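Colleague: First to last, the protein sequences are chains A, B, C and D.
Start counting the first sequence at 12; every next residue gets the next number (this note's numbering).
Start counting the second sequence at 12; every next residue gets the next number (this note's numbering).
Start counting the third sequence at 12; every next residue gets the next number (this note's numbering).
Start counting the fourth sequence at 12; every next residue gets the next number (this note's numbering).
In case anyone wonders, no lab produced these hints; they're calculated from the structure.
Note that the coordinates shown come from a computational prediction; the quantities given were computed from them, not determined experimentally.
Any given hint might turn out to be false.
For chains that are exact copies, the list does not tell them apart, and a pair is met inside one copy or across any two.
To be verified - For lysine-lysine, the following DSSO-like pairs were computed, each having C-alpha atoms within a straight-line distance of at most 27 Å: (1) Lys-104 - Lys-321; (2) Lys-246 - Lys-153; (3) Lys-321 - Lys-246; (4) Lys-87 - Lys-321; (5) Lys-246 - Lys-87; (6) Lys-311 - Lys-22; (7) Lys-321 - Lys-311; (8) Lys-373 - Lys-22; (9) Lys-104 - Lys-153; (10) Lys-246 - Lys-104; (11) Lys-311 - Lys-246; (12) Lys-153 - Lys-321.
Number of protein chains: 4
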Amino acid sequence: MQAVVYREPFKVAVEQVEDPRIEHPNDVIVRITSAAICGSDLHMYEGRTAAEPGIVFGHENLGIVQEVGDGVVSIKEGDRVVMPFNVACGFCKNCVAGYTGFCLTVNPGFAGGAYGYVAMGPYRGGQAEYLRVPFADFNCLKLPPGNEHESDFIMLADIFPTGYHACELADVSPGETVAVFGGGPVGLMAAYSAFIRGASRVFVVDRVPERLAKAEQIGAIAINFEQDDPVEQIKAQTNGEGADKGVDAVGYQAVAHEGEGEAPAAVLNSLIQAVRPTGRLGIPGLYVPSDPGGPDEHAKQGMLLVAIGKAFEKGLSFGTGQCNVKRYNRQLRDLIIAGRAQPSFVVSNELPLTQAPEAYEKFDQRVDGYTKVILHPVS
Amino acid sequence: MQAVVYREPFKVAVEQVEDPRIEHPNDVIVRITSAAICGSDLHMYEGRTAAEPGIVFGHENLGIVQEVGDGVVSIKEGDRVVMPFNVACGFCKNCVAGYTGFCLTVNPGFAGGAYGYVAMGPYRGGQAEYLRVPFADFNCLKLPPGNEHESDFIMLADIFPTGYHACELADVSPGETVAVFGGGPVGLMAAYSAFIRGASRVFVVDRVPERLAKAEQIGAIAINFEQDDPVEQIKAQTNGEGADKGVDAVGYQAVAHEGEGEAPAAVLNSLIQAVRPTGRLGIPGLYVPSDPGGPDEHAKQGMLLVAIGKAFEKGLSFGTGQCNVKRYNRQLRDLIIAGRAQPSFVVSNELPLTQAPEAYEKFDQRVDGYTKVILHPVS
Amino acid sequence: MQAVVYREPFKVAVEQVEDPRIEHPNDVIVRITSAAICGSDLHMYEGRTAAEPGIVFGHENLGIVQEVGDGVVSIKEGDRVVMPFNVACGFCKNCVAGYTGFCLTVNPGFAGGAYGYVAMGPYRGGQAEYLRVPFADFNCLKLPPGNEHESDFIMLADIFPTGYHACELADVSPGETVAVFGGGPVGLMAAYSAFIRGASRVFVVDRVPERLAKAEQIGAIAINFEQDDPVEQIKAQTNGEGADKGVDAVGYQAVAHEGEGEAPAAVLNSLIQAVRPTGRLGIPGLYVPSDPGGPDEHAKQGMLLVAIGKAFEKGLSFGTGQCNVKRYNRQLRDLIIAGRAQPSFVVSNELPLTQAPEAYEKFDQRVDGYTKVILHPVS
Amino acid sequence: MQAVVYREPFKVAVEQVEDPRIEHPNDVIVRITSAAICGSDLHMYEGRTAAEPGIVFGHENLGIVQEVGDGVVSIKEGDRVVMPFNVACGFCKNCVAGYTGFCLTVNPGFAGGAYGYVAMGPYRGGQAEYLRVPFADFNCLKLPPGNEHESDFIMLADIFPTGYHACELADVSPGETVAVFGGGPVGLMAAYSAFIRGASRVFVVDRVPERLAKAEQIGAIAINFEQDDPVEQIKAQTNGEGADKGVDAVGYQAVAHEGEGEAPAAVLNSLIQAVRPTGRLGIPGLYVPSDPGGPDEHAKQGMLLVAIGKAFEKGLSFGTGQCNVKRYNRQLRDLIIAGRAQPSFVVSNELPLTQAPEAYEKFDQRVDGYTKVILHPVS
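With the hints as constraints, model all of the structure from the sequences given.
Modeller: In structure tokens form, the structure reads like this:
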């Protein structure tokens, strides 16, 4: 089959690889109809991880079940399904507690597994014609047959639940104000989710006009951090207090609002200022324990200078970590089916799988109009 | 001053009564600009309570602070404020725990107090020119100056928070389906609140076309219980399972969907059928421990035949009781200010205080177009 | 193999039945070392259910894994395991939400399955030499090897988690007072769990001196409902207020504290009186939608006269339904291993499987000293 | 009256100061019977804050009500009361939400007030004969008359609730393992509270033998960080995983387990290592936004190098800030009254107020046996 294969920094190729096959009674094989490119794929693409050439990318996957293992009970050939980016067993203590992003079974020696991602276990990615899905009863979410809402449903694999998870970590509640730093796909999904949860006002902080325009389109207040200190802008609109809750949808590749180059803790520290005493921060933006490309020795080890004194004085809480997609994907799917959520508003391009190399290149360079790409294997 | 005074069953009069005055350092006097008539006022109006002639009605009150006691710290003359229908102290163990509807201080020997309501303490109602508000720092919610959103803000005194409380008791969460029995003001507010909390679909059960039309207007699915068994209608739209959550916005004066006369447990038992296993019910609809007009000896003592066996089999949970308005009114106010909630869509009439007798009569007779009346003292 | 087989009302026999075998890749076969008799087995034993002759009893099961299906990942031959009484799949929406007592997969057309129980699916009971366990990765809880704590660990199958679940439903929190009606094994486990959760005082209401003595032994306050109205006794010890929380560990076979015969709602209504305004009730005591032996026509259909008016006035909440054992069994196991819980204090007898007929008879007749029996297959 | 007055770094004096008086209708004056010295008093004592000479110390206060303002409703002359160290109004949005440690009323321009503490508002401390208590209905917790449990009840002013709050921030639940860094009074109270909440095992990390002995006395596992890396010791006792939850009861004056001098983020970073993926940290240990005595330029501004990359990878959550005492003190009081908690086990000395200078000196020098001192004005 054809698949998107990582070759070297800044280069992927569409190549012929071996078809996946049922390896365990609880596996299914899914014929992929949509696979999205994620911002976190770019970490590997840019060579800022230990990813080796040959890895098949793709952890946002949707398709039709092609073959079913003997042990699978609830999934049948022909079912249309979307999979969380996390691979999870469903029965370890973390999965049972809802922490499916920290499964103890699927990636021995580590808490958490994923498709097509370095160090996340032996699971090939889904930017390909077919995908093997382990523990299929647990990992497949059934969708209505047909192809309706395809570009909404593919958002259920990662970024819609991840944006929602940010709001869950921050405990966003009806009537609250929320400061979302980062207007990329995850940040927009966080802002969108904040409204789903009843937020009264949501601030989205970015500097890319296209992103800020999308934020306004969903009813958020755009804050351009290049025009003025975003903390001051948010305080000015909240009686000087700051927002009730905050979301960091940027992570360690943050850029300071003044000056140049990466400032890995810039967003975190801005949020500590921008959120009012008693506030909570949801932090889905990636931070890593090892970043060879980090701007200094500490940053290379994931050690950042954080305004913990101020955070303590304000009594802030912080929730971090990758999303447990399984916790939210069914409910969010139901919002899409009911017509109450259309997360596909973030999608910029739908391309055949064969155009993946070009799509990666443009997405990586933040070329205008390449904000969120869905690949479709031709089949 | 002028006030709406209860005279006898089915009769109120606008009469001259003594002005209220500061009785305690923590009191304020509010000049009322809006006071709504509530469905629960009709229990007294119809003579189905122990209310004595002379009582001044009105527990949904909004106005301008006229006079301030020596102990009051945060409220000033001229402030525009809305008061929860519950009178609460703010410092007893129930208030501190957020159960301001069950204050142990303001109505000795009972848990909970209110303005203008039989057995709820010595607090005169606000369908009048002026109102004394005790523990004013705790009981006044400040509003933006002016008269914008007046008919939205008056909904904060009772029915908007009460509808929201129903959803809180039922733990309505994003993506869920909700069955609301009763399409009166509280039922509509519950449906509206369910959407604010991210419900995917909301069913509103009633038989009055006007109410069902309002339900559809806010995006709910209207279920006319006279056309067919509402339980079957809801199951038919939920794959035979039933709704995830339920709200009883009817209470003990329920009418069976077949047959005639009151069937006080009809709604409760329908909800037990209409909600799926593991569901939760929020019950803001009034049930009383003593109902002299009840249809049988048990009902007269508030003892109803409930399908507890079926409820247990399904593992249902039930939350009951009057709303702790203070828990929600600030956040709901902020939704109104931000333009994300307009609860005034339930308001049918705005009348001068002097027309209260006629308004009560028509509201009680469910005359078309009299679904929610706001009274304005002329001043 | 040998197994306890139901023959007719008030008669079980130890008979030779076919050995269980692996029927699905996710099955394991467990060689039973301990199987307890549960109060709910008596409902079948007494002929008050639709149980047919031939059913093998036993839903409290512990043993050693004998054989493992091809799909099982985390369980190995020789592992010592205890199973929740609920059979659950681990991947349906109820299981994923933690409602493993309401699994939608294992007993089609019904929410919830169990071993050896009428209408709870095709799962043979474990009062036998061997037991087939479906979805073994999900349903087996691993125990330390050996035979230490055997009589504590067998309590993890049902009554310890069920008692704990009652406290979870009632949200028992540190410092609170709790009224537990029923001093049988589940009631004692509820009282014990209340202390584990930090309750300050726990009242246990019963009339059997042996049970009340056990309640006192674990630090609870014994309330003999034959000596005086238990509601009054509890109020007298709580400044007239009532307890903060309540547990109904009796269910529909309740006996009124005055008079004779069953009064199915007696405990429920006493709790509504005995718990203070804002309180919550946890109701693990069984109520059934169909009770052919019920004292009146309504009771036969699971319809009971409940003081809903009083409950509403007090703003009480109710949580019902059978325990989702999987939610609690790992944590409770860890308390046993750490030496901080010894639930075996309720065990009265440990007998060979062959003595099951006599054990059932004496347990059913509440013969002194037969409060909780563990059966051990000789092997 | 006599009071403990701060004179200069490392010097307090017992001096004559003006008696407090009723300044507002909601005030009361309390005659102090017990006032404890807190570790946080030492920050001022050592001159590491902006505290000016003349300030009266003391935020852990208990006594008898001497005089009552006109607006006070529930507190009477002669009542025995203990006050949270936080001064709070009870009606601002933070107080209403339970964040009484972040009251917006009592210390304008800042969220939170306290007695006898620099920058925490104009409230004189209680290491004195008398204390003015504002908003007395809200801030006084009534105690049983007499002098029973005096040394337990005084712990309700700060350290018992603070230790409990740490467990609340970490969401310590039954069966869990908890790593508490710091075996001083707050750390011991956190460990004690973890057991009250049902923890299975609690590790207390310190190097002072006396503290480790007290930890063992309450059933915790002592970890001496001078003997070996505490992270490794905890992992060795938790199957290599780490504890479920963690508490930082040390704060910014932490000492590294290797080497010398302060290492302000040492405990925080050890906890990130010592707690397992999905864990939560409760951080009552003080961190400050400005520490003139900090070991480096960043530390002086409360900016610390935190292993945020590792924390994110593990999906940890952090809760910080000073305790909202009012949220817990009633329930903890009831545990003391019921005989289920005796927090006075941490008390080392009870001295007359006049010996305050010596007590401060010895406490500050960690002289053996001076772990927690209660002062009693002689009167």
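Colleague: Confirm or reject each hint.
Modeller: Do the hints match the structure? See the list:
no.: 1; hint: Lys-104 - Lys-321; result: between (35 Å within a copy, 21 Å between copies)
no.: 2; hint: Lys-246 - Lys-153; result: between (43 Å within a copy, 20 Å between copies)
no.: 3; hint: Lys-321 - Lys-246; result: within (16 Å within a copy, 31 Å between copies)
no.: 4; hint: Lys-87 - Lys-321; result: neither (54 Å within a copy, 33 Å between copies)
no.: 5; hint: Lys-246 - Lys-87; result: between (53 Å within a copy, 25 Å between copies)
no.: 6; hint: Lys-311 - Lys-22; result: within (24 Å within a copy, 45 Å between copies)
no.: 7; hint: Lys-321 - Lys-311; result: both (24 Å within a copy, 12 Å between copies)
no.: 8; hint: Lys-373 - Lys-22; result: within (12 Å within a copy, 67 Å between copies)
no.: 9; hint: Lys-104 - Lys-153; result: both (24 Å within a copy, 11 Å between copies)
no.: 10; hint: Lys-246 - Lys-104; result: between (42 Å within a copy, 18 Å between copies)
no.: 11; hint: Lys-311 - Lys-246; result: between (33 Å within a copy, 25 Å between copies)
no.: 12; hint: Lys-153 - Lys-321; result: neither (45 Å within a copy, 30 Å between copies)
When each numbered hint is compared with the structure, violations occur for hints 4 and 12.
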